[in-house]
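Undergrad: Construct all of the structure, not just a fragment, from the sequences and the given hints.
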Amino acid sequence: MTAPQTLTMAGALNSALRNRLEHDDKVVVMGMDVGKLGGVFRITDGLQKDFGEDRIIDCPLGESGIIGSAIGLAIRGYRPVCEIQFDGFVYPAFDQIVSQLAKIHNRSLGQVRMPVTIRIPYGGGIGAVEHHSESPEAYFAHTAGLKVVTCANPSDAYWMLRQSIDSDDPVIFFEPKRRYWTKGPVSAHGDVAPLPLHQAQIVRPGSDATLLAYGPMVATALQAAKAAEEDGRDLEVIDLRSLSPIDTATVVASVERTGRLVVVHEASVSLGMGAEIAARIQEHAFYSLQAPVLRVGGFDTPYPASRAEDEWLPDTDRILDAVDRTFSF
Amino acid sequence: MTLHGHVPPEPDLVQLLTPEGVRVEHPDFPLDITEDEIGALYRDLVLVRRFDSEATALQRQGELGLWASCLGQEAAQVGAGRALRTQDMAFPTYREHGVAWCRDVDPVTLLGMFRGVSLGGWNPNENNFNLYTIVLGAQALHAVGYAMGVTRDGAVGTGEPARDTAVLAFFGDGASSQGDVNEAFIWAAAGNLPVVFYCQNNQWAISEPVERQSRIPLFQRAAGFGFPGVRVDGNDVLACLAVSRMALNEARSGQGPTLIEAYTYRMGAHTTSDDPTRYRLSEELETWKHRDPIERVRAYLVREAGVGSGFFDGIEAEAEALAVRIRAACRELADPAPLDIFDNVYVDMTDELAAQKADFAEYLESFEAPAQGATR
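Chains A and B are the protein sequences, given in the same order. For what it's worth, UniProt numbering labels the leading residue of the first sequence as 1, then goes sequentially. For what it's worth, UniProt numbering labels the leading residue of the second sequence as 1, then goes sequentially.
Treat the hints with care, as some may be off.
[As the list claims (entries may be wrong)] DEER-style ranges, computed between Cβ atoms:
1. A/54 to B/311: 50 to 58 Å
2. B/66 to A/127: 17 to 25 Å
3. A/187 to B/349: 26 to 34 Å
FYI, nobody ran anything at the bench for these hints, they're computed from the structure. Since the structure is predicted, the reported quantities are computational estimates derived from the model, not experimental observations. Every residue gets a Cβ at the ideal spot worked out from N, C-alpha and C, and that includes glycine.
TA: As structure tokens, this is what we get:
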């Protein structure tokens with residue numbers, strides 16, 4: 001048994017890539033600047049030096065090309081891990097993801113597999129310019145054939161990326177870029193069984209209300225829960241982890257205990273993940289609810305210029321305000 | 001002369017068999033072929049056309065929801081298709097019925113997509129013929145990725161004919177305007193990949209003429225990306241075969257990509273939902289009728305090879321038998337069972353999809369099997 005090591009989320013992602021590259025020579029990493037530079041966030045740092053230019057492929061500039069060629073590689077028997085540099089740059093590849101990648105297994109009547117992982121650094125809070133801070137997860141979660149996941153801590157970053165690369169289905173892997181440098185324990189070997197990829201996790205047990213978050217908002221939700229303690233409220237926090245499929249059972253069981261649910265995400269509220277969660281809870285836990293499910297998220301505006309992003313992004317105060325409202329019913 | 005006043009010279013069209021059926025030589029594209037082999041190509045052309053016309057008829061009879069005819073493009077497709085080796089991979093659009101034929105994909109399987117019993121339905125790796133792709137040009141990038149894999153597998157430039165592999169990507173004149181096709185060119189050039197881009201310029205992207213896609217002949221675009229381009233008479237099966245063979249050979253040997261523009265004509269509608277009389281003149285159609293890809297081979301076989309009528313009658317009979325088989329098999333294609341729609345969405349079916357499937361099964365069962373002993 002190996003003691004857990006402390007890694008940043010970026011380091012954990014790098015370790016996961018390294019682990020899978022060593023494990024299976026059909027795994028290739030591809031994207032813009034992933035080689036010598038190690039990626040714009042250095043997630044692929046050092047990989048090309050160790051695995052060579054044939055496996056850590058610096059791509060020509062073109063997102064559609066990255067995903068389109070990953071599809072061709074998968075048809076040939078490879079297991080590509082693609083990097084999209086920023087959330088807002090994934091749209092040029094949208095057709096290749098939702099019309100091609102998501103559907104080829106189905107169209108071949110199950111005879112062709114698409115074990116492609118697409119890593120997308122996403123979300124705001126880093127003072128970036130336009131197209132560098134978006135949360136496009138709902139677009140992909142809405143598409144059958146794709147699996148969509150996101151990590152909130154280094155341990156999940158490590159294990160969930162490994163599991164995504166091992167998946168025979170295409171996985172959109174959202175990385176909360178503003179949490180890249182947060183540190184946490186990661187057990188590097190198989191001494192703990194990782195949580196199944198599609199299971200939500202209760203990261204803070206509580207009894208009075210449930211806060212559901214994922215990706216970058218989990219840390220904020222945990223801060224809010226800590227602050228709520230001072231008001232004598234014991235909040236449960238769920239890290240959803242998988243956005244498609246959704247582990248409805250874990251959320252329902254929590255709401256049945258607490259009677260209240262606030263969903264928190266950075267993406268615009270309308271027609272987002274929160275809407276889906278709220279619909280499921282009213283369908284499956286209606287009689288347990290003491291209050292309507294409330295959503296805290298980005299406004300239905302373009303992601304604002306960075307000097308205004310602190311107003312736009314949900315913070316502990318906005319979460320606590322929603323918690324207050326859920327107790328006022 | 002000003003920069004914009006410069007007009008490039010009209011390029012030569014590679015041709016090995018004239019519309020009159022006269023065999024001609026081209027200095028750059030010799031073709032070593034026997035008369036028996038030309039006869040076999042003739043058979044391909046006739047059978048593909050018969051399959052295509054039967055499919056059009058089946059659509060008119062309501063047996064297919066849609067059909068995208070390849071009428072007039074048989075030589076472009078058979079020439080390219082017969083240049084492929086077993087290990088090569090072809091990435092078609094949705095009109096490459098002649099290539100599918102050359103890859104031994106059962107025509108009935110192709111009909112499944114147009115009848116609506118599947119969204120594809122064949123295994124791309126079984127005959128090395130990828131699924132039809134309807135979004136224009138998307139498959140050009142799949143071909144590039146596959147070619148990356150071929151290169152990584154060391155299956156290029158080994159000198160072993162059974163091992164060296166090329167990839168053939170089909171698209172049309174309209175798709176040449178797509179970003180994906182242009183990205184594919186860039187990637188293939190940058191990686192010196194073993195891929196041949198095969199553009200069937202059939203002159204029309206539904207109702208838009210090729211002039212709306214390009215100010216220069218399409219094959220000349222290759223120069224801007226850094227690889228050779230060649231324009232071939234797409235109604236000349238021998239020229240298409242010769243040019244494709246050479247380009248595929250070069251790809252297999254590690255010399256990188258080529259763009260082939262097969263200059264041809266879509267004699268029919270874009271699909272059975274289209275009405276080309278609204279946008280093109282009948283004179284144009286008449287002009288192209290004189291360049292028919294089948295007639296010129298027949299004329300050659302009769303006049304220059306002295307092939308007798310028995311040969312042609314035999315192929316006609318074979319074509320008729322094919323049509324009969326296709327007609328019957330099309331009508332027998334089973335509709336998918338309602339619960340099949342949940343299958344193969346994921347390799348590892350999600351719990352929620354399994355639950356939806358179970359719920360729908362229960363719902364369907366509520367309509368079935370009237371209670372025992374029920375009386376009228």
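Undergrad: Against each hint, give a clear statement of whether it holds in the structure.
TA: Structure-based check of each hint:
1. A/54 to B/311: 50 to 58 Å: Since the Cβ atoms of residue 54 of chain A and residue 311 of chain B sit about 51 Å apart, the hinted range of 50 to 58 Å holds.
2. B/66 to A/127: 17 to 25 Å: Taking Cβ atoms as reference, residue 66 of chain B and residue 127 of chain A lie about 51 Å apart, which means the hint is violated.
3. A/187 to B/349: 26 to 34 Å: 29 Å, holds
The earlier numbered hint that this structure contradicts is number 2, and it is the only one.
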